[in-house]
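Protein chains in written order, with our numbering: chain S, 377 to 490; chain X, 13 to 127.
Fair warning: there could be bad hints in the mix.
Claimed, not checked - From the structure, some residues in chain X lie toward chain S, with a derived Cβ separation under 7 Å:
1. T50
2. G54
3. L55
4. L57
5. E74
6. F77
7. P82
8. S107
9. S108
10. A111
11. G119
12. P120
13. T125
Source of the hints: derived by calculation from the structure; they are not laboratory data. Virtual Cβ for every residue (Gly too), placed ideally from N, Cα, C.
Now for the letters of each chain:
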Amino acid sequence: GDSVTQMEGPVTLSEEAFLTINCTYTATGYPSLFWHVQYPGEGLQLLLKATKADDKGSNKGFEATYRKETTSFHLEKGSVQVSDSAVYFCALSVGGTSGSRLTFGEGTQLTVNP
Amino acid sequence: DAGVIQSPRHEVTEMGQEVTLRCKLISGHNSLFWYRQTMMRGLELLIYFNNNVPIDDSGMPEDRFSAKMPNASFSTLKIQPSEPRDSAVYFCASSSSGASTDTQYFGPGTRLTVL
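Isolated chain X (complex conformation):
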């Protein structure tokens, strides 16, 4: 199994530009999580999907951020317009169900730099 796949691995963009981060879940998994990691705030959950439905988006910073699951195996996180404070490493993770005992499998992350 290839594990969780994220693209791009690195993204450098200018303030105001649109950024799209992509994630492919592990086959058979039905829960998808987007996290953001910064030095100041550590690891934060942005949004959580179960069976393609957003369950909890309370961590999404503001309207500039949006996330979708167009199908059961793929998700996008979009930032429009981007700002320097969005610079962070963004991880997606998947798990096989919504149970609290589940193991989450993390992708390698996308390092975003907004100039």
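Same shape as in the complex, but just chain S:
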């Protein structure tokens, strides 16, 4: 079946450090890929997405590139801020009879210290 694997957390960084959160996937179809962010006590918000190979999604300084050859969608940010502290979820959607249902990774807790 479809699945998403994220690097284990938690991740703790100092402000202005470089961030990478790894995400790999397996899918029976040709998925769309997403990163969602969950701030404490809130629901999930879409951070960025990519719908075909080699697409780069970007938002708020975060980027991720859809790599079909390595089945990966790693999240990066060049300089993190304290306000980026949250849980980040990688997810995929394969469409077809599954529609737009999302399959999520385990989530990675990010803490950014001043």
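Go by the hints and put chain X onto chain S.
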């Protein structure tokens, strides 16, 4: 737009009681998803509706759980009888169609505690 609205935000109940969670979709959206989030199992899809019709309920744990869409903008998730292992945060989300490229918009969640 008010976004996806869920109620209640918090629910504490005793084992054996019936629990009803509510969700209002974003206007114009026709796909509705119920997810459950726990520390042990992460985020799991429980059920997915498209145009008020349940498409995939394979994630519904057992017969104690049921979900309905009485109209195009509203859904309920009912647990009867509730058990302590049902304690979790329940999210609903909506999207504008059933396409895999769609963005899902999540509600703030209902934190359920079953004592």
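I'd like to know which numbered hints this structure contradicts. Please list them from smallest to largest. Violated: hints 1, 5, 6, 7, 9 and 13.
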